[in-house]
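*Asks:* Chain by chain, the residues:
2 protein chains.
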Amino acid sequence: MMETMDKPFEIDDIECAYIGNYSSDLFETQGHTAPIVADWLGMTPIPITRIENACASSGSALREGAMAIASGMYDIVLVGGMEKMTNLPTEGVTDVLASAADGLYEVPAGLTFPGIFGAIAKAHMDRYETNLDHLLKVGIKNHNNGALNPKAQFNVTIQDMMDRRKARAEQRGQPVPDWQTELDFLHDEQANPWIAWPLRLYDCAPITDGASCILLVSSEIAHNFTDRPVSLAGIGQASGKPLHDADELTSLSAAKEASRQAYEMAGITADDVDVAEVHDCFTIAEIVATEDLGFFVPGEGPRAVDEGRTALDGDRPINTSGGLKSKGHPVGASGVGQVVEIYHQLRGEAGERQAKKSKVEVGLTHNVGGTGGTCVVNVLRME
Amino acid sequence: MMETMDKPFEIDDIECAYIGNYSSDLFETQGHTAPIVADWLGMTPIPITRIENACASSGSALREGAMAIASGMYDIVLVGGMEKMTNLPTEGVTDVLASAADGLYEVPAGLTFPGIFGAIAKAHMDRYETNLDHLLKVGIKNHNNGALNPKAQFNVTIQDMMDRRKARAEQRGQPVPDWQTELDFLHDEQANPWIAWPLRLYDCAPITDGASCILLVSSEIAHNFTDRPVSLAGIGQASGKPLHDADELTSLSAAKEASRQAYEMAGITADDVDVAEVHDCFTIAEIVATEDLGFFVPGEGPRAVDEGRTALDGDRPINTSGGLKSKGHPVGASGVGQVVEIYHQLRGEAGERQAKKSKVEVGLTHNVGGTGGTCVVNVLRME
Chain A
1 MMETMDKPFE
11 IDDIECAYIG
21 NYSSDLFETQ
31 GHTAPIVADW
41 LGMTPIPITR
51 IENACASSGS
61 ALREGAMAIA
71 SGMYDIVLVG
81 GMEKMTNLPT
91 EGVTDVLASA
101 ADGLYEVPAG
111 LTFPGIFGAI
121 AKAHMDRYET
131 NLDHLLKVGI
141 KNHNNGALNP
151 KAQFNVTIQD
161 MMDRRKARAE
171 QRGQPVPDWQ
181 TELDFLHDEQ
191 ANPWIAWPLR
201 LYDCAPITDG
211 ASCILLVSSE
221 IAHNFTDRPV
231 SLAGIGQASG
241 KPLHDADELT
251 SLSAAKEASR
261 QAYEMAGITA
271 DDVDVAEVHD
281 CFTIAEIVAT
291 EDLGFFVPGE
301 GPRAVDEGRT
311 ALDGDRPINT
321 SGGLKSKGHP
331 VGASGVGQVV
341 EIYHQLRGEA
351 GERQAKKSKV
361 EVGLTHNVGG
371 TGGTCVVNVL
381 RME
Chain B
1 MMETMDKPFE
11 IDDIECAYIG
21 NYSSDLFETQ
31 GHTAPIVADW
41 LGMTPIPITR
51 IENACASSGS
61 ALREGAMAIA
71 SGMYDIVLVG
81 GMEKMTNLPT
91 EGVTDVLASA
101 ADGLYEVPAG
111 LTFPGIFGAI
121 AKAHMDRYET
131 NLDHLLKVGI
141 KNHNNGALNP
151 KAQFNVTIQD
161 MMDRRKARAE
171 QRGQPVPDWQ
181 TELDFLHDEQ
191 ANPWIAWPLR
201 LYDCAPITDG
211 ASCILLVSSE
221 IAHNFTDRPV
231 SLAGIGQASG
241 KPLHDADELT
251 SLSAAKEASR
261 QAYEMAGITA
271 DDVDVAEVHD
281 CFTIAEIVAT
291 EDLGFFVPGE
301 GPRAVDEGRT
311 ALDGDRPINT
321 SGGLKSKGHP
331 VGASGVGQVV
341 EIYHQLRGEA
351 GERQAKKSKV
361 EVGLTHNVGG
371 TGGTCVVNVL
381 RME
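Taken in sequence, the protein lines are chains A and B. Quick note on UniProt numbering: the first sequence kicks off at 1 and runs consecutively. Quick note on UniProt numbering: the second sequence kicks off at 1 and runs consecutively.
Treat the hints as calculated values from the structure; they're not laboratory data. It is possible that some hints are incorrect.
If chains are identical, the list can't say which one is meant, so a pair holds when it fits in one copy or spans any two.
Claimed, not checked - Only pairs whose alpha carbons sit at most 25 Å apart, straight line, appear in this in silico SDA-like list of lysine to any residue:
(1) Lys7 with Glu129
(2) Lys256 with Ser218
(3) Lys256 with Asp12
(4) Lys166 with Thr112
(5) Lys7 with Ser219
(6) Lys359 with Gln30
(7) Lys256 with Tyr74
(8) Lys84 with Ala109
(9) Lys151 with Leu215
(10) Lys84 with Lys122
(11) Lys122 with Asp306
(12) Lys84 with Arg165
(13) Lys356 with Thr90
(14) Lys359 with Leu104
(15) Lys84 with Val340
(16) Lys84 with Gln30
(17) Lys166 with Gly351
(18) Lys166 with Gly294
(19) Lys256 with Val37
(20) Lys256 with Asp39
(21) Lys166 with Ala70
(22) Lys84 with Ala270
(23) Lys122 with Trp40
(24) Lys256 with Trp179
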């Protein structure tokens, strides 16, 4: 965010800070990370606190920052998130992430997050007319967006990946696969293996190291920092029962409740949202999110993807950043990372990945922890 | 706290919750504990968030709860802490706790928390006239208090422990040790072995499973919950450099800054504090705390212990609950546990361990995370 700040500020101006992080404990054998961040950044002795709500950690951190300002105790609060995941091999990462599920009733049954979202996808396919192509098309769209995002971990389209594979085969004198379309490529079990049916590799967000950060200030002083502030118009956070105890698999109750709170505070409805970053840890998660948020009625999410409504040039652009799928998913950092993208979109400075619609004034972020145990929804507005 | 509530309330009245926990990740391979707590207690879909600042986790959680109320978003907030430490063998616990120190500069040098506080004790002995007896007398005092606390993990005096050992030796026909005083017993290397010189076993808080919880409500509605509310008059939180980078070893800068904030908000000075719970993870930590908080000038803390000023019948009773030393130290729960004790003291309902002085109107809690990376200080007042 520093690069887009219109006016300079000093680190000593920051009065309080929050850092969202899922599990530096298990990824790095390092707890109590908040004051270490303060020490490295030269921010001591300001109060700094680590917030943990699994993959919604920095979403929750932002909410704490907002309330700290609303309380009147502080005017300038730094809010960020971070995760260093690649210390461990892939299986280790899967295990660490699984510990965000219920360790009594879910993990011992063999559930990992690909398995959990695979079950959600299967339930959605059973209940509605959702098919494998719908899932894969979410990934194609998000890679199309991420290819336009220089900060994306995989800033490359599925088409590019397919073409590169064909070119490589040709160079090596191997048989060139006869994929004609991205869907041909994505349906190839060699190129895109099953992870947890009906989810394939390219249905899953990657393992990512990353950090995110924004400066929250009280509205009275926002113009000291930029001539074009973006306001946090609504925040919502809710808890939900773990998946094993949930009422249904095709919807996350916490997402519905968190968005209800955020819409109410902002005084808007789902229809007023121009652009959104939603928690696409798996392709099915984006479809479920767009239904939970009220963008589309339940079961209509897949058709909206099919019709291109969620693409950059659609009427409801979703995950213009590339989403977790293409931008990457450093879990504790993702919630604030979403807000960074919406900030750029509302200011009209997202460059090639700017949403094409004429009006981009209201944005939303949707950040999920665990199997829907936590959901944080923010509504942002260009003043 | 429920038992001392004057008026009943329903769990559905709770609007928001925070849970302080250091590392369920490493102790129990369970992250994202907040919504699991909400699910078990039947509190979904209210927002619930885990706060992690090492052993100051629930101290920080309480501060978030207070700001959530001050923000105007909520009126009734549950704040608690928990830690389940005994899953692991003692060496494992020591390693998990060490991960709250700096993993780049402290842990690889072989530092564990007993070692860190041993170094602090040595520095205090070098700089002032502190001796081993001063340390041991903190433990004697705190066990005297904890023996009066039915919820203490070790609700037994050092004298009792000594007498039991002698009786057991006699029963078994073994030579009966000739300990005459508690100090004789505590200086016996067999009975009280060195852990990290100059700290012995009985200088260290135990490994504990435990939880704590309070209900925070806005002052406007406090009388709906009790006829005798205790108010949170001041809160302070500060970060400090890790020990390896600190300016001095005989004081924690974060404690001085956090208490400055809390005193300022409450409009009091250290002299106004009638009773305090301080973070005695090791006996030396209590002495340093009483100096950092301004109760005694630097170097006078040990003499205050000698003179009985910090005992139940002293002019400045410290750790009437038994402190972490005797009550136990379930790390993420300790900060809110301290507040529970002060709540009882200010209401005059601490029974046999009620501070003896005539006026007990202002209380303080002092909760430290890591090697002083975080400190949270609260000032509580009887209205």
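*Asks:* Which hints, by number, does the structure contradict?
*Replies:* 1, 2, 4, 6, 10, 12, 13, 14, 17, 18, 21, 22, 23 and 24
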